[in-house]
Amino acid sequence: MKKYWKLLSITTIAVLAIGTFYIQKAIANENSLELALDTVSGEVAELKGMEISGGYFDNYWNKRFTITAGELEFDNNDSFIGSLERFYQPKINQLINDHRSFMRGKNSDLAGFYEDEQLLAYANVDSKWDGQSRYKDHNFEIDVLQKGENERITFEQKVPNQQDYRYMYVMDVQVQDGQLSIFTRNEGNTDAPTEFRVYRFDLASEKLISEDSLMILDGMNSKKWHEGNLVTTSTETEPTENVVFAKTEMEEVETEYEEYMVEEKGTEYVAYNLSTMEKTELDIPADLSTDSFNELILGSTIYFIQRTEQGLTVISYNLENEQENELNVDFPSTDQGNMIVNGKGDRLYIVGGDSKELPITIVDVNTGETLYQGIYKKKGANGVYQLFSIDNIYIK
Amino acid sequence: MIEVKDIKKKFGRKQVLNGVSFTANKGEITCLIGINGVGKTTILNAIMALTPVNSGEILLDGQKVTKQSFEKITFIPDAITMIPQMTIAEAMEFMDDYYDSWNQNRATELLGFFKLKQEDKISSLSKGNTAKVNLLLGLALDVDYILMDEPFSGIDIFSREQIADVFTSHLIEGRGVIITTHEISDIEHLIDKVVLLDEGIVLKEFNSEEVRESEGKSVVDVMREVYKA
Amino acid sequence: MMRYFKLVNFELGRFFKLYGVIIGITILSQLVGLWVVSNSYMERANYAMFEENLSPAQFVSDNGEMSLLVLTRTLWFLGPIALGAIALLFNIFFVWYRDWFGKNTFIYRLLMLPTARINVYLAKATSILLMVLGLVAIQIVLLPVESVLLKWLVTRDFRLDLAPAEVVSGFRELMIILPAGIIDFILAYGAGIMVIFILFTAILFERSYRIKGIVFGAIYVALATGIFLSPIILEGIIGTNYLYPMELLVLEIILGLIVSAASIWVANYLLTKRITV
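Chains as they are written, first to last, in the working numbering: chain A, 1287 to 1682; chain B, 905 to 1133; chain C, -2 to 274.
No wet-lab data here; the hints were simulated from the structure.
Be aware that a few hints might be false.
[Claimed, not checked] Derived, one-sided and incomplete: chain C residues facing chain B with beta-carbon distance under 7 Å: (1) TYR105; (2) ARG106; (3) THR273.
Source: prediction; values computed, not measured.
Glycine is no exception: its CB is placed at the ideal position from the N, C-alpha and C atoms.
For reference, chain A alone in the conformation it holds in the complex (with noise of 0.2 Å):
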């Protein structure tokens, strides 16, 4: 047995090396590294639902974590079996969960899904690179499946005048009395404007039914020109009764030291009905946009949110009524770095990130109470250089 001294000793000091090393980690709970809730006001019990996923970095520390329900667990050790777990988006891991072979394949950005209580749907716009400067042959693939029957509706369709179009991609699904609407943005050829369109199928039947332009993001030079996006609603996949879309004029301008920069000239918005298939120019101040660092609709009102020197300005814009609403937010952190804002029936949940802190708040946009206030902080000694970041907030 002497003889072989060396391979048994590299052996088992590797084992035991190696085996220690692990075990000591699994059964290691006590982590000097400590973020810590501090609430302000309000119930924990009101983070019920909401799953905040981001990130801590430091000069020592870079570690991913889940806030569930306000409580913070740090990511399986950032284990790449954990991250495989981490893939997706939890709401496109929760349709897998439920759906997995309807969801084989399909592309994973919840702008393609729609759901509702009895179907899943899903579409996408399949183009081929044509080795040069665009795509080519968009496609239409549309994918139904109901439920309760586990049936499904499949179907192709070519997208109608695709040669007009360089690139085309889906901003929303909805479907309405057996009709599935496609929300698209298609960039035209080389001088033609991009444009937002929405394109109507009938699933009984497999076929396209309508389309129609939404908005037209023209007036393009090199110095003006428009920009366009969804006004996003809560929760991607869900049915709304109004989409909304924005359009933002940007000018480059040149600045006493002669730089360039590029400056929001104000902001359009249009609301396309699903019911009445009717577009609706709204009544919204073009600067409103400029001043608000978010906005999103929930239900039929779209909000705007705005920084302040104690917190947060909520202006309301309801699409029935045609009101405004203004509403004051007090943010329970100093230092808001970014915010992200997102919400679920008549809550908003905000969350700052990109800065030494993560506070966490949550509004009742009807009464305009604040239900929850609270700051996750690092425990302890600390660095010059500490740094929250936010990736995303699901709101089950």
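Start from chain A and add chains B and C according to the hints.
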């Protein structure tokens, strides 16, 4: 018996062996003779499965060479097959570790015979002594067959004599030996059988004793005849 | 089987001196490095306190605490790890070619051992794996030792004590050698073993067919890599992720096992039928 049957081998475009056949019997010393580069070493390598042949067959006591064969046959190449950093003692220990057929008594005997010191490092030995160690490591195996590649090349005269003495001793007796050489003089009186090779074929295979008795010719005489023709 | 273990031990022995030197350099460089880094930190801290009248807390808040993570970001720490990695990578080739070249022709002996030749191949692979794991183990043992040393060198106010696992997860590059979980560890080192098998088999192609063998070896590496990555390549071409990540992982594990087994099988064929000394 070692049977080499019609083996052919190419190195690139060069046909090194072009149908070589001969046999070597247990209890006999068979000598492969030919000028350098005629493929003698290749034949020995092929017998030991150290290089593939393009066609033909090699049998050891009627069977193909497998891992078990290496307890029955051994090969002493012209360079040492041990790590130079080892001492002779370590080299012997290595052999003892892996070969059931290793005979330490015989190894000790050879050590004395060659006047080698087992604590010497192989790398520190003279060329002649290195060759002796190489020989020792092969001969101390209780195997039926021993292949030797040019055991006398580049070695001083005293070492040659010592090595030649081995061939007449009990260390070789009863075993089958194949030895290659391009220079016959040292061992002419020892060999039982001669295989003359040239240009990848066997020119003549004969029993040296028979030729001497019936035709009165020495091995060198036959060589002269064959190669001049 | 016994001969395989003997061969592993033997292969370890042949690289052991150099291996010992690498271990020595690692230990020495990290300990000296810790001493240098700690002292320079304390020097700055003392200067700040006495010359600029900063409190320890202020200094820490400006400069961060002294911990092993500061050391890990220096060449003192990374240099020896890189050295070990390069040496063992180099050894994948060296472990074969040294037996063919040089004054001795040890490959004759190895191929004439009364044991299956594939054992030589497996023993060489095992010895490399064990030496890699040995270096990783040394690193793991070094971390707590350095932790104690840090306690002597830096006073409490400035120090952040970290467990070995925390040092590793605090420094992403270290996670390459010590992945986050034991399953990750097995996957990473399993993939490493597969790479060794593929390279070994490519080397044996070269040793069997020489110049032509370089081409065969290259084709083999490309083929093995292609088969292993085929699901990922295929999904890339089709442009959809047909498989879910977990399924892809399971498929990759199966393919990795197939590629490893195929490498051993091909190597066995080459060693018994095609190898040339």
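Here is how each hint holds up against the structure:
no., hint, in the structure
1, TYR105, "4 Å, holds"
2, ARG106, "4 Å, holds"
3, THR273, "4 Å, holds"
Checked against the numbered hints given earlier, the structure satisfies every one of them.
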